[in-house]
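Enquirer: Two chains, two frames, a set of hints: combine them into the complex.
Now for the letters of each chain:
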Amino acid sequence: MRRVVFTIVIVAVVLFSIGPFMWILNTSLKSPQTIAERPPTIIPDLQTEFFAAAVDEHNFMRYVGNSAIVAGLTTLLAVLVGTLAAYPLARLRMPWRRGILSLVLAASMFPQIAIVGGVYRLLLKLGLLNTHPGLVLPYTALTLPLAIWILTSFFKEIPSDLEDSARVDGCGPLATMWRIFVPVAAPAVFTTAILVFIYAWNEFFFALLIMTDPAVQTLPVGIAKFPGEYMVPWGELAAAAVIATIPLVVLVLVLQRRIISGLTAGAVKG
Amino acid sequence: MSTLELRGLTKRFGEIEALNAIDLTVDQGDFCVLLGPSGCGKSTALRCIAGLETITDGDVIINGDRVNEKTPKERGIAMVFQTYALYPHMTVRENLAFPLKMSKMPKDEMEKRVRDAASLLRIEPMLERRPRELSGGQRQRVAIGRAIVREPTLFLFDEPLSNLDAKLRNDMRLEIAALHRRLEATVIYVTHDQVEAMTLGKTIVVMNDGRIEQVGTPDEVYQRPATPFVAGFVGMPAMNFITGEIRNDAFEGNGFEIPVSVDHEGETLLGVRPEDINLGGDHGEGEVEIIENLGADRYAYLKETDTRKRWAVRLNADESVDVGQAVNLSFNVERLHLYADNRRLDVTSSS
Ligand SMILES: Nc1ncnc2c1ncn2[C@@H]1O[C@H](COP(=O)(O)OP(=O)(O)OP(=O)(O)O)[C@@H](O)[C@H]1O
Ligand SMILES: [Mg+2]
Chain S
558 MRRVVFTIVI VAVVLFSIGP FMWILNTSLK SPQTIAERPP TIIPDLQTEF FAAAVDEHNF
618 MRYVGNSAIV AGLTTLLAVL VGTLAAYPLA RLRMPWRRGI LSLVLAASMF PQIAIVGGVY
678 RLLLKLGLLN THPGLVLPYT ALTLPLAIWI LTSFFKEIPS DLEDSARVDG CGPLATMWRI
738 FVPVAAPAVF TTAILVFIYA WNEFFFALLI MTDPAVQTLP VGIAKFPGEY MVPWGELAAA
798 AVIATIPLVV LVLVLQRRII SGLTAGAVKG
Chain F
25 MSTLELRGLT KRFGEIEALN AIDLTVDQGD FCVLLGPSGC GKSTALRCIA GLETITDGDV
85 IINGDRVNEK TPKERGIAMV FQTYALYPHM TVRENLAFPL KMSKMPKDEM EKRVRDAASL
145 LRIEPMLERR PRELSGGQRQ RVAIGRAIVR EPTLFLFDEP LSNLDAKLRN DMRLEIAALH
205 RRLEATVIYV THDQVEAMTL GKTIVVMNDG RIEQVGTPDE VYQRPATPFV AGFVGMPAMN
265 FITGEIRNDA FEGNGFEIPV SVDHEGETLL GVRPEDINLG GDHGEGEVEI IENLGADRYA
325 YLKETDTRKR WAVRLNADES VDVGQAVNLS FNVERLHLYA DNRRLDVTSS S
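Listed in order, the protein sequences are those of chains S and F. Taking our numbering, the leading residue of the first sequence gets 558, the next gets one more, and so forth. Taking our numbering, the leading residue of the second sequence gets 25, the next gets one more, and so forth.
Derived by calculation from the structure, the hints in this document are not laboratory data. Treat the hints with caution; some may be incorrect.
[To be verified] Per the computed footprint, the stretches of chain F lying under chain S, defined by three or more beta-carbons under 8 Å from a beta-carbon of chain S, are:
#1 79 to 90
#2 122 to 132
[As the list claims (entries may be wrong)] Pair ranges (Cβ atoms, derived):
#3 Arg814(S) with Leu144(F): 32 to 38 Å
#4 Asn317(F) with Trp735(S): 56 to 62 Å
#5 Val807(S) with Gly63(F): 21 to 27 Å
#6 Gly656(S) with Asn44(F): 28 to 34 Å
#7 Arg206(F) with Leu660(S): 51 to 57 Å
#8 Val739(S) with Asp365(F): 31 to 37 Å
Virtual Cβ for every residue (Gly too), placed ideally from N, Cα, C.
So here's chain F without its partners, still in its complex pose (with noise of 0.2 Å):
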């Protein structure tokens, strides 16, 4: 059965549409990222689902039940804030132990619950203490602990990690995926950040301007974007694109033609990775700009010298240019990805 069904969902701030009919399952186990950019109504789909926030149109439905006019607590959720929201008039404990609380939960069962989450995330010895007198790690683990001690069906994250600098939030990030492997929890999880939603999800929902774009794998999403949005969006450095059309079983453009198989005929878009482009060759060329070494990875950042186009190309180790060094380019031909009308096509071969 399914933890999570939104059908429909659909919120509006006066003139705003936040979210435009929502169609998502999430499956008992999962851990769904909702990944897109800034705005694009990932938090209002959270507080829509965590019950903060009123739907304009759709259904909810947790565990089979639609929950629509239902309070927060009702849900059976647990939410962990982007800003952890910690209580700062109650000690660790006293915050570990409101939500159960306020569900007037038997003393002792309460104490163990929270003894038990404290130990998980390691931070036993910080009971007694402020949220004040903790530092952004902890403070991070304690809002987790006070999801984790109502035993909710479903854990809601709202970019949790944001606020913490990189390398606390690469060991969090590692944290977060041991924890639910552990406690085989349902998860929602927003970010922004693809390393996260790369790293974390076994879902991912890519959003964008109020849509679903995409529903799928980390490997489906990268691989297989279904629209240009996603394309463009998952991936650093982004997609090269070039605009073309195709005909006679060709895609022309940018002044070469390349091969293709597809079902289609007229204007398209092409995009190639920059780990699938290649030195030398006559798909493309360029001056080279800038070069960015990461350590493990090298770029080249081109620029054509009469359409002004800019080029993002992945060095291979025994590849090397000179900022200046006019170099040409070739794709792989393989891993091309060709749209149209917003959608990706088919290839069924190429040559």
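Just chain S, same shape as in the assembly (with noise of 0.2 Å):
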């Protein structure tokens, strides 16, 4: 009884988040003539009209292009930027680190809107608008105490006795990190990776400020311009929509094993 009870939920949950894109991955694989059938049909056509429609006709892999190099560069700095933090502020005695901790959550507190402006006249100053750095700096910043916090609090986890451990055995300082700590702390790294990669990938309304000139815009601003002044091509924003969410879904798939493989266990005492 319990057993069905919590299929039942398993798949309601599954169901409600995972429903709306099979709508729009259903509304996507349609061609022109069915999408505007009502009832709407609930098996598709199967046509790649639509997709072809979005590359060609809405310059939609310039938007990927923007995207995967903005969210790409966001994600090497912040996870680069927040290891080089958050091992110091695991490892060593400090007397402020719940402090410098604190202080690092506060600043990611600020609503996007309380800071834009400032930001905007940043940027123009530093002659960074409509470039490529002018959107990864401020997302590095938005996402780096995030990535201090979690990886911070993952490193923790991991004991000081392994890189001990790991001397004793004959290592230097450099094999240290590359044999022993970098393995071990992969996953916490690949987790936040992927957190500050979706954040930089999903981002609107930085993107939508800072970013003006087509030739850069990223894949959220892109696909918001999609509607005419006369009428919504509802097949291409489906067909964009799907194709924006795939390089997600795929790095997920790719790293979650590495993600959910215990942390640390069996290192200790487990």
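Expert: Put into structure tokens, the structure is as follows:
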């Protein structure tokens, strides 16, 4: 009985979260003729016309490229700087560690709308509006607190005995880093990377304000511009949304084993 | 030749003085236990010997070489950590081989040593597993195995058994003792568990607050504790203490007098172990508060009615008391411990 209830609940939750996406996927695979049918058909006729249209008519691949560059660079930068900040925060005995961490967290609590004016003027003065770094920098700043927090708490879970043991076993600082710490910390780093990447990939508000030149605009802004003055191209929109989602799905699927495989399972008492 | 020598070893963390001028000599083949309460500097001492901590002052000498500036690897030591510190991303085999791989040992020699260690510790069937697929005791064995493969001059253990449950701890303790006999290795073993210290140690070093209180065999430490701290720390339940004075060759305190012959006059601390107290007599009295039955032994805890002083007394097999009962006590006067100025007084004879 409990199993049945459990299964029903799981199915309901999955349907609830995945439903809208399935609908979009369904729409994107229809042809211009079936899309307007009332009532809508459940089984699409598996046409790729909308995908072709999105790519050809809306310069779609350029947006994908821009997003990949911006999200990729943001992830690289945030994870790199975050790791360098989190390691000492997790390892050193510092008097103000809690204070520093709280400050970092507080910094992430400002709503975007509260800082956008300052950011805009800053980028204007630096001449970075409508450039990739113009988005990468604020994204990195916005995601760093999260990255530092996640990484610090993960790193703290990794016993420093592991590193000491490596030193006793004959590793220098670099070998300790590469042979022991990096492999053990990899799941934490991947988890953080995914979260940062998803944020940067989806971000709309800053992207809309900072990137006014279509040549450098990212996916969310690009898709938002699809609707014309007199009509909404539902099919192309759906196709674009599907293409925009696929990289994230692939990313999570590829890395999920590394994320879930228990962080330090077996290293310590357990 | 001594395997390890510490000369004036001092370690400060900022304001905290974790080790204060430690002097210690450990002979080849010794099983030396560092025993002391939490925070007394046992781990710090071990880490200074291992080279994981830079030392503030003094010298660490291993096999006659001053190793202060040497890396852990160059010191020829192996260490087993309280948390085992197995590498979670490597199999048991890779864990065992790791220190050998780092010292660029030829493959066949490496495999031979891993095989030998695995069979010695009975972990051969688990060589391809990861640490997370092992039980606590098995992990502990792998951690010891990783120390053995290097054939070090000195084994360092930092509370290796404290994460195991009581039964397993007993088994592993016996195994470590057997292993030590077989390998004829020199071991420094940190613990705050006196049972471990008494059963494993050939030499016990009792530490307190960054200093060494006493170095001796388990018997010496138990029978002739050098300081009041050692007297109170070693032994369960703890020794009973009475403050008093020595005058005219007699100890006076708590309303009684015991003739003693020592080279001292004035304020004195008298210690007596629970097993050296008998029912009846006039050295103390009290009301039984709790009786603890440990199976082999029974202990009574008493409280004196007027002074509120507490006593722990081991009951002899033929003695029986009830909670609430008032009893008198007498001491086994040949087995008293006397201290003045934090120092043990030698009893020359007693009547
Ligand atoms: N890295 C450090 N920085 C500052 N103080 C430290 C550091 N390591 C140890 N200490 C301090 O040094 C003292 C001795 O610590 P140590 O870890 O050697 O104690 P211990 O005897 O091993 O205790 P336990 O039985 O709890 O492990 C303690 O007061 C501790 O707070
Ligand atoms: Mg310790």
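Enquirer: Mind checking the hinted window 51 to 57 Å against the Cβ distance between Arg206(F) and Leu660(S)?
Expert: holds, 56 Å
Enquirer: Examine the region 122 to 132 of chain F: at least three residues should have C-beta closer than 8 Å to a C-beta of chain S.
Expert: holds (count 4)
Enquirer: Does the hinted range 32 to 38 Å hold for Arg814(S) and Leu144(F) at CB?
Expert: holds, 35 Å
Enquirer: Quick one: are Asn317(F) and Trp735(S) within 56 to 62 Å, going by C-beta?
Expert: Cβ of Asn317(F) to Cβ of Trp735(S): about 57 Å, so the range 56 to 62 Å holds.
Enquirer: With respect to the beta-carbon atoms only, verify the hint that Gly656(S) and Asn44(F) lie 28 to 34 Å apart.
Expert: holds, 32 Å
Enquirer: Does the beta carbon distance between Val807(S) and Gly63(F) stay inside 21 to 27 Å, or does it fall outside?
Expert: violated, 52 Å
Enquirer: Given a hint of 31 to 37 Å, does the C-beta separation of Val739(S) and Asp365(F) actually sit inside it?
Expert: Because 56 Å falls outside the window, the suggested range is violated.
Enquirer: Please count how many residues of the region 79 to 90 of chain F have a CB within 8 Å of a CB from chain S and say whether that reaches 3.
Expert: violated (count 0)
In terms of the numbered hints stated before, the structure departs from hints 1, 5, 8, listed from lowest to highest.
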